[in-house]
Amino acid sequence: MKFLKTALTMLFLASIVLTACGGSAATEAASGSATEAPAATEAPATEAAPASGGTVIIGTPQEPGMMNTLLTSSSIEDAVVSLFGEGLVSVNEKGEYVPVLAKELPTVSEDGLVVTWKLLEGVKWSDGSDFTCDDVKFTMEGALSDLSQVSASGYRDIESLDCPDPYTVVATFGEVYAPYLRLFSYTIPDTAGALEDMESWDMNRNSVGTGPFILTEWVPGDHLTFGRNPYYREQGKPYLDSVIIKILPSREVGMQLLGTGEIQALWDLTEANFPELQQLESQGVSYVSTVTGENELLSLNFGATDGTAPADPSTAPHPILYDLKVRQAIQYAIDKQKIVDTLLYGNVNAGNSAVPVGTFACPQPVSEFSLEKANALLDEAGWVVGADGIREKDGVRMSLKIATTTGNQLREQTEQVLAEMLKAAGIELVIENVPSDVLFAGWESDGMRDHGTYDIVMYTTGPSTDPDSHLYSSFHSSEIPTADNEGTGANFSRYINADVDAWLDEAGTITDTAARKELYCNVVKQVNVDLPRIYLYERLSIMGHRNEFHGLKISPTFVDFAWDSANWTLDQ
Amino acid sequence: MFIYFTRRVLQSIFTLLVISMILYGLISSVPGGIMSVYTERSDYTPEDLARIRAKFGLDDPIPVRYAKWLGSMLKGDMGNSLITKRPVLEEIADRLPNTLLLMSIMMVTTLLVAIPLGILSAVKQYTWFDHFTTTVAFAGQSLPVFWFGLLLIIVFAVTLKGGNGKPLLPGSGMYTLGADFSLADRIKHLILPVAMLTFVSAAGYMRYLRSSMLDVIHEDYVRTARAKGGSERLVIYKHALRNAIIPLVTLVALDLPSLFGGALFTETIFAWPGIGRLYFTAALKTDYPLVMAVLIIESALIIGSNLLVDFIYAMLDPRIRLS
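Which chain is which? The protein sequence lines are A and Y, in order.
Going letter by letter, the first sequence gives residues 0 to 571 in numbering that gives the first Met the number 0.
Going letter by letter, the second sequence gives residues 0 to 322 in numbering that gives the first Met the number 0.
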């Protein structure tokens, strides 16, 4: 029992030590070399530059945990990192790739196996060291290391990465990696430290980047202050003196602070905040919004819901939803425009495409709303209206469960509207919501989507700038989660279509953008025929801001709200 | 005496061990968990997920993970946060001063409110004053904390304006951003959270003191004191209160560990960067090591203070250690 006693003593000692070492809440993170930096921040007096100076406070309900992209896991971290971190390429507000630390978008050899980036010359990290090809190579090694928490897809396929000169990066792939444009959307300096010590790197809590700002103070649980990066490559920029990220208890508090002017911008609003934003207009508040490419959608389960998780749903079909006519009837019965007009105040587009925006956009007309057609299809399929108005067939009642994340008022209202709409066609929709980490749980945690223990789930998903991985994991037959593949993939509908498989396979092996776009568009159209998913409306990414704060542009990839922060200005 | 102490210490250690087992089991069986952050995203391949799962040590079964956790705990290593990668003790140390500030001020104001009100409502039993204070105290104990906190924010930080057109009191945070430290500013930020905590916890203490005062007032020695011609003030404060307050002191002593744990709802609602809020966000992100550390330290403190109270009782009253 002696060691237990030691443990208890240790605990008491620990608590005493903790009590004693107060007062050091603030982590001073100012870069040591900043003092001897060139005065790059003074704009030439002759040039009519926008008003310089000022501090912008941006509110967020979450706190970032980490400044090192390789170890981040949440969107607030990606968002904050974009104040100082840059990649070779980024995505602009139209969803198109633009070069950042590269002179131009990368070029690819004819066989699609060799990709070459030309880097900007003379770029310096915020610690004063030069940005070169070695840093790019280090970034790749970081992404591939055992400790990394980022996706290594793409980097894993690089056979060799060479630096013929400090400003040229040549990557040779073993097989064609179609979405090569998305690689190196972040960079890590090779001075960061050894890869095996990644979790204790100094830059985890001190920003080192090539972007306009650097972290100067981090008070855990309260705020992070970013000042100018003295080594930023553009003369006279950034215009702002500093940007403060303020951690708030909730969006609701953030809206109040935005109205009173205590913060200048509020991160990550949702469509449900529109009425409040309109109310705050008279107090000098506006918003910026953009489509994200994501859709609020219904995923319909083709397979049995008893947990068998069949690789092929025809062997264990869903008693109601496996029939295409039923799925078509459901889509006909849903008035998407009415949902948009009543619940979203007409501010978003009704959805009907898996890839609505960006370089690979394949917009589709909104599906028709027709109760007659819905009823006719169900009659045809043999579903007869019973005594209580709900259809039946062979003793099966047409009752479906719908699940979404709890605590989201907009989603709950949408479910109620859907239940009413489907009831008109004789389909009962039973609402059974679960917390988000239950809804999105993986295979090993008995996730309901992975194991197919659901009828309909409602959630948001969509492609990032390149739709390759999204479409493949959502609709390719090899991506149906089963016991054999340990729950790999996001084809939760258990949708199988040989044409779709072939198009996706082909699109992954070519690099020609126009050809890939056509193949992905084929997939989008076929999905709308077979209906594994019903797209309700296109999601927006929204940020509220005060009118005196200019230059906030959010890109459809959403996380990079600060991608253009060098050009932000504040009226004083 | 020695045997009694040893037995109580061993019992406490065993209790703590069982608590840690239950907590670890519960936290580890939360559905979803930290991996759901990654499984949700389509750009993570199975290889990526396997690597991250291994890195977080989630491949082992729960009993093995518990044994590993206990092993490093005994070596004094409470682990690193899964989110920030910093030692969890550093994370806690960052927040502790803020929590101690809030909770110790709250403790003082609570006692300042609870003791006089408790005495007065006992002495003036069944008067309108007694009915009023007990009703308000009952409300204080019954109100949902988060609802009351939001109410305070709406009234004092949104609706009511100060002289300069700005809200009367700040509704969140510890200080005004960008301003230099000033005591006035810090006090302004303390008013709402302290007011809320005081209202809720003073209610309990007040009702407790009132009932123990009522017991004591009817005791023979109080009547004797009156019979001897002592003034009412002397009788109440010297003879009655001194005896009536002993149970309250025990209660306060047992509540002291909560100074460490902070106030989860209050800190979350008022964006106070203390342990309660740290714990709340860690729980949301299923940051197991941090959640475990906060819970275990608080359990140890509660068990420790119970032990301390027992020892003091045992020293004062021989009957206890013999039974």
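Quick caveat, the hints were computed from the structure, so don't treat them as lab data.
All values derive from a computational prediction rather than experimental measurement.
C-beta: ideal position from N, C-alpha, C; glycine also.
Honestly, I wouldn't trust all of these hints.
Stretches of chain Y that chain A covers, calculated by requiring three or more beta carbons in the stretch to come under 8 Å of a beta carbon on chain A [as the list claims (entries may be wrong)]:
| hint | segment |
| --- | --- |
| 1 | 71-82 |
| 2 | 149-161 |
| 3 | 164-172 |
| 4 | 195-204 |
| 5 | 224-237 |
Pairwise CB distance ranges, derived in the manner of DEER restraints [to be verified]:
| hint | chain 1 | residue 1 | chain 2 | residue 2 | range |
| --- | --- | --- | --- | --- | --- |
| 6 | A | Val528 | Y | Ser141 | 51 to 59 Å |
| 7 | Y | Asp59 | A | Glu140 | 50 to 58 Å |
| 8 | A | Asp445 | Y | Leu73 | 27 to 35 Å |
| 9 | A | Gln282 | Y | Val154 | 57 to 65 Å |
| 10 | Y | Lys165 | A | Ser128 | 41 to 49 Å |
| 11 | Y | Leu307 | A | Gly127 | 49 to 57 Å |
| 12 | A | Asp240 | Y | Thr158 | 56 to 64 Å |
| 13 | Y | Leu73 | A | Leu146 | 23 to 31 Å |
| 14 | Y | Thr134 | A | Asn546 | 42 to 50 Å |
| 15 | A | Glu198 | Y | Asp59 | 17 to 25 Å |
| 16 | Y | Ser141 | A | Glu198 | 40 to 48 Å |
| 17 | Y | Ile104 | A | Gly260 | 23 to 31 Å |
| 18 | A | Glu140 | Y | Leu73 | 31 to 39 Å |
| 19 | A | Leu146 | Y | Thr5 | 52 to 60 Å |
Examine the segment 164-172 of chain Y: at least three residues should have C-beta closer than 8 Å to a C-beta of chain A. With 5 residues in contact (Cβ-Cβ under 8 Å with chain A), the coverage given for the segment 164-172 of chain Y holds.
Tell me if the beta carbons of Gln282(A) and Val154(Y) are separated by a distance inside 57 to 65 Å. violated, 19 Å
Range hint compliance [Cβ, Glu140(A) to Leu73(Y), 31 to 39 Å]: holds, 36 Å
Within 50 to 58 Å or not, the Cβ separation of Asp59(Y) and Glu140(A)? Given about 28 Å between the Cβ atoms, the range is violated.
Should the hint that Leu307(Y) and Gly127(A) are 49 to 57 Å apart at their CB atoms be regarded as holding? Hint holds: Cβ distance 55 Å, inside 49 to 57 Å.
Range first: 27 to 35 Å. Now tell me if the beta carbons of Asp445(A) and Leu73(Y) are that far apart. holds, 33 Å
Do at least three Cβ atoms from the segment 195-204 of chain Y come closer than 8 Å to Cβ atoms of chain A? violated (count 0)
Determine whether the Cβ-Cβ distance between Asp240(A) and Thr158(Y) falls within the hinted range of 56 to 64 Å. Given a distance of about 34 Å, which is not inside 56 to 64 Å, the answer is violated.
Between Val528(A) and Ser141(Y), does the C-beta distance stay in 51 to 59 Å? holds, 58 Å
So the hint says 23 to 31 Å: do the beta-carbon atoms of Leu73(Y) and Leu146(A) match that? holds, 26 Å
Holds or violated: 23 to 31 Å for the Cβ distance of Ile104(Y) and Gly260(A)? Check passed, 29 Å falls within 23 to 31 Å.
Quick check on a hinted range of 17 to 25 Å for Glu198(A) and Asp59(Y), using CB atoms only. holds, 19 Å
In this structure, the earlier hints numbered 4, 5, 7, 9, 12, 19 are contradicted, and the remaining ones agree with it.
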